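With chain L's structure known, arrange chain W on it following the hints.
Protein chains: 2
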Amino acid sequence: MKAVKIPHIDTKKVEEMILALGAIGAHSGTGVWRTVYSNEWVAAQNLVADWSRAEGLDVRFDAVGNLWGRVDGVDGGKIIVSGSHIDSQCPGGRYDGALGVVAALVAIAALKAEFGSPRKPLEFVSFCEEEGSRFPTAGFWGSRAIVGRVTPQDCDTVLEATGDSIGSTMAAIGFNPARIAEAARNDIEAFVELHIEQGPILEDANLPVAIVDAITHIRQTKVTLTGQSNHAGAFPMDIRCDPMAGFAEVVTSVIDHAHTLGRPAVTTIGQCIPGPNSAAIIPRSVTFTIDARHPNPEAAALLYQTHDRMLSEIATRRGLTLETQILIDHPACPSDPDLLSALGRAADSAGVATMHMASGAGHDAQQMAKICPIAMIFVRSKDGRSHTPEEFSTIEDIVAGIKVLAGALYELAY
Amino acid sequence: MKAVKIPHIDTKKVEEMILALGAIGAHSGTGVWRTVYSNEWVAAQNLVADWSRAEGLDVRFDAVGNLWGRVDGVDGGKIIVSGSHIDSQCPGGRYDGALGVVAALVAIAALKAEFGSPRKPLEFVSFCEEEGSRFPTAGFWGSRAIVGRVTPQDCDTVLEATGDSIGSTMAAIGFNPARIAEAARNDIEAFVELHIEQGPILEDANLPVAIVDAITHIRQTKVTLTGQSNHAGAFPMDIRCDPMAGFAEVVTSVIDHAHTLGRPAVTTIGQCIPGPNSAAIIPRSVTFTIDARHPNPEAAALLYQTHDRMLSEIATRRGLTLETQILIDHPACPSDPDLLSALGRAADSAGVATMHMASGAGHDAQQMAKICPIAMIFVRSKDGRSHTPEEFSTIEDIVAGIKVLAGALYELAY
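Heads up: the sequence lines are chains L and W, in that order.
At position 249 of the first sequence (counting the first as 1) the number is 249 in UniProt numbering, and the numbers step up by one without a gap.
At position 219 of the second sequence (counting the first as 1) the number is 219 in UniProt numbering, and the numbers step up by one without a gap.
So here's chain L without its partners, still in its complex pose:
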């Protein structure tokens, strides 16, 4: 096996690129508000395209709006790809997504500059609407188009809060929804995504970079418990059928269960809407979400079974009506063992200390897994923060992550 080579990464240039991107859609001081197909998003994609051309890459937008930059391979064949997304939460930080775009461009440009043309083609990609922050049901829109999971009909049915369709929004900036199927690819050999961790595990471990074993199984379930609404004063406790009391028992049960399972199981009740939502009325119903995640498929299945059993038992015992609807269900996505090995060797060569972990968040990589092997690199996040203007990673950790990425791309493409 050939020795892994790590190209020189220009720290100052990386820092300037992050700040330049962060200035487009800047919000709340250190944050960005850059939703897909907005003026800010177009400006950010165009800036990345300009940088890519300056590095001598072939640049193109695909039918859905993903931006690609390419270095041809001497031997041709399938492509080695790295990238992430440039859209943000409302507002989000400068690093979530954008860092992976910058990292892929910087790594590929540095490899090309230092080692010339690769054997296999190398491409970076800047995906659109990973977050679903403008079109709530369009999460992973760009990467789903690449793996053939978006239809022209989706362009009419996916709406933003204003009622505008994603298709009409695309069309307004020059992307033809009728041609969206053309974004699909079947010529990718491997995909590696660099991203901020979004949690505190690296910080706790005092390490700059992680190699991601798997993306967790994510299931979000909408639950409604319905009882009987009555006057808060005139209705005795002993004959109430109070969904709020049932809700509280569910919250305690599922959260305590996740604590008992321990890492990496997580369960979150993030949304709660009593109906009505009024101080002097026993609510008729409480609608809430359970977000439960585990990267191990068997453990995830058992977790969801346990939740179903808890909900059913609590509702039945309390005489509450139970309705459930699965909103999101992304099965666990294991990383490719060969890619994990390549990342490990690259980290060794770059002298970057790493640990392995599962991603508790969803990423474009799990969509890409439908057409090719994938793996991910995480960079330490200050205080584990993300989806906030406060998110921050040091330039030292970022460059360490880019070196690991560049080493792996070298092994795969050169």
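Read the hints as simulated data drawn from the structure, not as lab findings.
One thing to keep in mind: the hints can contain errors.
To be verified - Covered stretches of chain L, going by a simulated chain W footprint (3 or more residues, C-beta under 8 Å):
1) 181-195
2) 240-247
3) 270-276
As the structure is a computational prediction, the values presented were derived from the model and not from experiment.
For glycine and all other residues, C-beta sits at the position ideal for the given N, C-alpha and C.
Chain W only, in chain L's frame:
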């Protein structure tokens, strides 16, 4: 002591009056939507005024818009008053409030028709804005004006959701806010209010009418528990500071405590607003209300102390910040023992089976208690429902309640 006499009550007439009032602001089939100072409210007050004049009563509106109907007493002196309110929830039912207005008018008119002039003056009153359904901070507006607890400044600062002040709204229909203090009275000897129960206790006991011992202490507290917001997937359970978990423990603790205390203690968590309220985010805060009631002053004090202790202990143990704000605090209002005795004798004379209970809801009577002895009569509510178009009381129960009221007014005024 003189024998209590019960006048004849015309069942058909009472039924027609309830239906005629229910037609003004009719909503959702059997409901009404009749907010204070609206066209519907003016029409309802005017209809009651017309009925009163037809019965030979002296009719007047006071400065705030309460409608009064009077039969002079041969001996003069302080007045015996009965009444309730004509405004409704949005929508409410035909009975909450309106029944007590009809009952007072019917009882006084029947007494006058059958027994002539009383010794003491008798008046009925139709209060305005008991519910606070148009102006949320104006609950008991009419009765508060009578007891001198409304100022001309309130007319500027009390707003409806549209931003219009209660003063400008009054002025638009001919009531001068500057004269609101003129609504205050100090010439009332006793006040008796008939109202629907709004709970299921009479129905469970298979009785038509209750004599109300006391109006419960009502305290509504707004609570905010603040922890740390983080990503629902990337943040391990063991280092979360999740206010939703703390909220659930509070709900279970305070509701279980009310169950343990038993009737008449009640505790309700009716409102819950996580911040943010999003499925994939551990909330930073949960804001909620605790509505807790007990008619016994010592028991109420102990109940609130226990809640404060539970909140403090749970927040401290979980590392959550606790903020509390008391929104409403109406101390318990005991009924006058002599009026209770009079109501008991009236029920015996009328042959109406009764029980004693506390009111778990607030009523105009608790305002009137600041200037005179009070008591209340409850009429059975079907399924204990109120604040809904579905509220219903049978005409037989209603007439039984009016007979008890009329008998008590006879004893007090004749």
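Coverage criterion applied to the stretch 181-195 of chain L (partner chain W; beta-carbon cut 8 Å; 3 residues): violated (count 0)
Coverage assertion for the stretch 240-247 of chain L with respect to chain W, Cβ distance below 8 Å, three residues required: holds (count 4)
Given as covered by chain W, does the stretch 270-276 of chain L meet the bar of three residues or more with CB within less than 8 Å? It holds, with 6 qualifying residues against the three required.
The structure is inconsistent with hint 1 alone, although it conforms to all the rest.
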